[in-house]
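Throw the hints in and build the complete structure from the sequences for me.
As they're listed, the protein sequences go chains A and B.
If you read the first sequence in our numbering, its first letter stands for residue 462, the second for the next number, and so on.
If you read the second sequence in our numbering, its first letter stands for residue 146, the second for the next number, and so on.
Since the hints were made in silico from the structure, they are not lab data.
A portion of the hints provided could be inaccurate.
Distance condition first, Cα-Cα at most 16 Å in a straight line; then the derived EDC-like pairs of lysine to aspartate or glutamate [said to hold, decoys possible]:
#1 B:Lys257 x B:Asp216
#2 A:Lys614 x B:Glu362
#3 A:Lys649 x A:Glu665
#4 A:Lys531 x B:Asp216
#5 B:Lys254 x B:Glu227
#6 A:Lys569 x A:Asp599
What follows is each chain in one-letter form.
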Amino acid sequence: MKGFLNKIFDKVDSCVRKNNSVGENDGAGSGQEASDGPGADKSNLQQQAARGLLIFANTTEVIRAEEILKSTGYQIRVVSPPAQYRTGCDLAIDFPLVEQVGIIRCLKEEKIVPIDVLPLSAERLEPLRLCRITDFGDYLMVKAANMKITLHKLTWKIVNISGGGCPDVPYLAAEMIGKRLPEAPHPKKLGYTLCAYSLSVAYEEALRIMEGQRC
Amino acid sequence: MLILAGTIPVQGLPLLAGPGNLTPDGLLIDGHLLDQNRGTAAMMTTVAVVCQKYGLPAPLCVTAGDTGKRDGSSKVYAYLTERLSELNPQVIAFHYIMPDIRRNNQLVKAIKQLKRKPLLIADAGSMYVAKAGGHAPYYDIFTPDMGELAFLADEKADHPAYTRGFIWHMNGEASELVQRAYHWKNAADILFVKGTTDYICRGGQILKSISEPSIPELEAIGGTGDTITGILAALAYRGTDLIEACLIAARANREAGRLARPTPATQVKRIIEHIPQALTLAEKWLIESQIEPLGIIPDYIQKSTTVAEEQATIH
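Given below as structure tokens:
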């Protein structure tokens, strides 16, 4: 127990050191506005770009999450959370935003669920959950962000997946195409990236349409 | 030399670096046969098809297996960063890869140390990381679709999934999105926006629009954006004026779609089969349209390389 507490105190020290070196901006800041125009303080914004923060209910969970993610090979580190999440000297995990899906799944498998996920960009952003539908007659295409899933309307078989740019997209396409929507693997179960997240948004919308609960 | 770089969704596929050669069963790279059906393999196959049609040397394909765990992506970044100076490419087309700002920064640094800057084309994850890392203006051509254009237009978004809703809703307003992307310095020199209408843009303006032949089903078919990037890369390598290359790529992709008579369930393999004939039709269309080229011809045109020289460098 004592060793465990020492570990927490080490993390707290680390947190204090990081707070003292905010000016160096190592990507672990609190998401302050970094740019007012093109090129303005761009390097600052770029340092933070494409990183995110996992916020947890308590420090114990942070430390467990850190151990799990590091042992799995993710490039993460423990940092101080943004001001609105601080209740003392709290901790959060800085992670590559694009790998959000794989990281959350990895933690869920160990029964650790972050209370929030924040992109470390200039302001609080939410992942896009808007969809657009294109009706091709016998086929329906559902589009979310940069991902599209197309289904045969009679059989609800997935006939195509397009868009995206992360490496798991072609993998997901290979695994999902040819299967009926309810039997196809959920993109969140196989994917690792934000493209997989967008595909899951389109997938879930397609499921809602199939079930006649279009929202 | 034309380098094509990106990952293939095959778990455990090692780093491959070699000429991409067409076979009846798929694309052969470094002793491995790859399915050409989507993503990087579709782009590479398309380039090989176009190079074969015009008698150009086969492209150097650099790839590795990656299903989203970044292992293959890291190998591709590392290979390019270490080997570019000896390869001395004229054109590089970057494709599906895990966006990794740190590794891409190292790669851009390696490119900047080359004696001659190659023409840089980026699509998919390579385009995302170029934008997120602040290097977009250093690239020559990006090939986003409309959703990705919204991402480029959103100065706050680090990934298309985080594009703000009000920008994503500007879907029908390509002109405004293009202006925003250039304004925030998140566009390459040329943007080729793929969609129901293709837009070729430079300096914040839409220079040309192509919407015929109209084949709406192409948007649903995974890989039809990859074929555009592939045609464009091969034509740029051939030395075609870049705007002319964009026009031909747009038209040829649509013609290939028309020739394939697709449904939304068609797979891109069938579209690729028609690209050689579609290119002939597109070139004829361009001549008949009397569209003046804009004179954006890369300076490597005069320095042609023989097939033998290219193969010697690869090995």
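Verification of the hints:
Of the supplied pair hints, the one linking lysine 257 (chain B) and aspartate 216 (chain B) is violated, its CA atoms being roughly 25 Å apart against a limit of 16 Å. A hinted pair counts as satisfied when its Cα atoms are at most 16 Å apart, and lysine 614 (chain A) with glutamate 362 (chain B) qualifies at roughly 15 Å. Taken as a hint, the lysine 649 (chain A) and glutamate 665 (chain A) pair is honoured in the structure, with Cα atoms around 11 Å apart against an allowance of 16 Å. For the suggested pair lysine 531 (chain A) and aspartate 216 (chain B), the alpha carbons sit about 15 Å apart, so the restraint of at most 16 Å is met.
With a C-alpha separation of about 11 Å, the suggested pair lysine 254 (chain B) and glutamate 227 (chain B) falls inside the 16 Å cut-off, and the hint holds. Among the hinted pairs, lysine 569 (chain A) with aspartate 599 (chain A) is inconsistent with the structure: their alpha-carbon atoms are about 38 Å apart, more than 16 Å.
Violation of the numbered hints given earlier is confined to hints 1 and 6; the remaining hints are satisfied by the structure.
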